[in-house]
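Asker: All chains, please: the whole structure from these sequences, using the hints.
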Amino acid sequence: MVQKLFLRNEVMKVKGRVKAITIKKDEFEKFLQLRKLRILNKEYEALMPPIDSLQKNTIDINGLAVLIEQYLPMINSGSGSTTQTTPAQMVLTTEGGNITLSYSNSISMNSQGVTVYIQVLQESNNWTFQYYYIGFDTTNSSYSTSTLELYVSAYVNYKGTILYTNTVRIAYANISFTKSSDSYLFIVWLIEFQNMPPYLVYFMPTLQNNLDIQTIAVGSYYTLYFNNNNCNFQCNGNCPSAGCYSLNQPGCTSWIVYVQNNSVVLEIILTAPLSAGISNIETLFCVSVSINNITTISGQVSATLTPPVSGATFYVAIVTITITYQGS
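Just so we're aligned, residue 1 is where the sequence shown starts under the numbering used here, counting upward by one.
Heads up, a few of these hints could be off.
The calculated lysine-lysine pairs, modelled on DSSO-like cross-linking and capped at a C-alpha distance of 30 Å, are [claimed, not checked]:
id: 1; residue 1: K56; residue 2: K13
id: 2; residue 1: K25; residue 2: K56
id: 3; residue 1: K24; residue 2: K36
id: 4; residue 1: K24; residue 2: K56
id: 5; residue 1: K30; residue 2: K13
id: 6; residue 1: K42; residue 2: K24
id: 7; residue 1: K159; residue 2: K24
id: 8; residue 1: K15; residue 2: K36
id: 9; residue 1: K15; residue 2: K56
id: 10; residue 1: K42; residue 2: K13
id: 11; residue 1: K36; residue 2: K56
id: 12; residue 1: K25; residue 2: K42
id: 13; residue 1: K36; residue 2: K25
id: 14; residue 1: K56; residue 2: K30
These are calculated hints, taken from the structure and not from any lab test.
Answerer: Set out below in structure tokens:
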């Protein structure tokens with residue numbers, strides 16, 4: 001008998017905010033500010049425009065789905081492209097055509113580009129990853145625009161080999177402004193994955209950034225344990241288990257990603273043979289993910305699942321863990 005069981009439905013909030021600013025060239029020296037950002041308990045300084053009064057954007061759910069679909073095989077089984085992709089781009093729609101600002105690791109004069117600063121915050125054991133995309137045009141060009149688009153990519157370190165997703169559109173906004181030849185343009189775009197319990201961080205694509213902070217695939221895992229009342233029921237214990245507890249296990253490839261109700265839905269599907277006669281099914285979901293230059297983030301959550309139909313002598317439990325990425 002096959003028994004389908006629903007373990008958990010988690011929500012990961014993906015938010016974005018943006019604003020565009022034009023300034024006179026002679027205001028440049030006093031406009032950019034050194035801002036302190038945090039990577040947990042460590043601070044660093046980033047040269048940025050003011051980040052107040054950001055406006056709401058639209059998260060591109062289809063682009064986010066592509067990012068997740070390409071990221072999961074990289075961290076789970078080391079399957080992905082080794083061809084380096086652009087960390088970030090901003091595309092400005094103007095009357096004369098599109099203008100593309102491409103990645104640069106710093107702001108410079110008489111140039112166009114996008115630089116990416118990361119901030120990692122932990123509060124009450126929840127995690128927030130923030131990415132500040134700073135677009136700039138310090139050339140003599142002039143144009144008017146009404147639409148902005150943000151393109152990003154994620155990456156993973158797999159046994160010393162860096163794997164990359166495609167660069168995909170993750171957000172867009174309708175913002176009208178005019179850049180004149182005697183002014184500079186700056187765009188501040190904040191993308192954040194908010195208030196995640198530690199066992200969700202594994203499933204968050206780590207975006208390319210200036211500090212080169214990335215996910216380490218080896219040493220990262222997720223495992224679902226089943227208590228058979230005759231085992232050490234804890235993370236790294238010896239209870240019956242399924243999942244990506246070592247590379248190339250069946251659980252490392254058993255998932256589906258789809259778009260529904262303006263959200264991205266990830267369903268992780270784990271299976272395990274269990275004996276009959278169990279009055280309830282205790283489960284323990286354990287996750288660990290290594291982030292270089294930061295820490296190893298580990299977490300767990302337990303649940304008791306509805307038992308199968310009585311009278312079965314043997315059954316296969318198909319357990320689904322659902323993560324919904326809500327964009328706003």
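Asker: Against each hint, give a clear statement of whether it holds in the structure.
Answerer: Here's how the hints hold up against the structure:
1. K56 to K13: Given pair K56, K13 holds - Cα atoms ~14 Å apart, limit 30 Å.
2. K25 to K56: With Cα atoms ~27 Å apart, K25 and K56 stay inside 30 Å; holds.
3. K24 to K36: Satisfied, since the Cα-Cα distance of roughly 25 Å is no more than 30 Å.
4. K24 to K56: 25 Å, holds
5. K30 to K13: 35 Å, violated
6. K42 to K24: Cα-Cα ~35 Å, so violated.
7. K159 to K24: Given pair K159, K24 is violated - Cα atoms ~48 Å apart, limit 30 Å.
8. K15 to K36: Holds, at roughly 21 Å.
9. K15 to K56: 9 Å, holds
10. K42 to K13: Roughly 25 Å separates the two Cα atoms, so the pair holds.
11. K36 to K56: 23 Å, holds
12. K25 to K42: 34 Å, violated
13. K36 to K25: 25 Å, holds
14. K56 to K30: Answer holds: K56 to K30 is near 27 Å, not above 30 Å.
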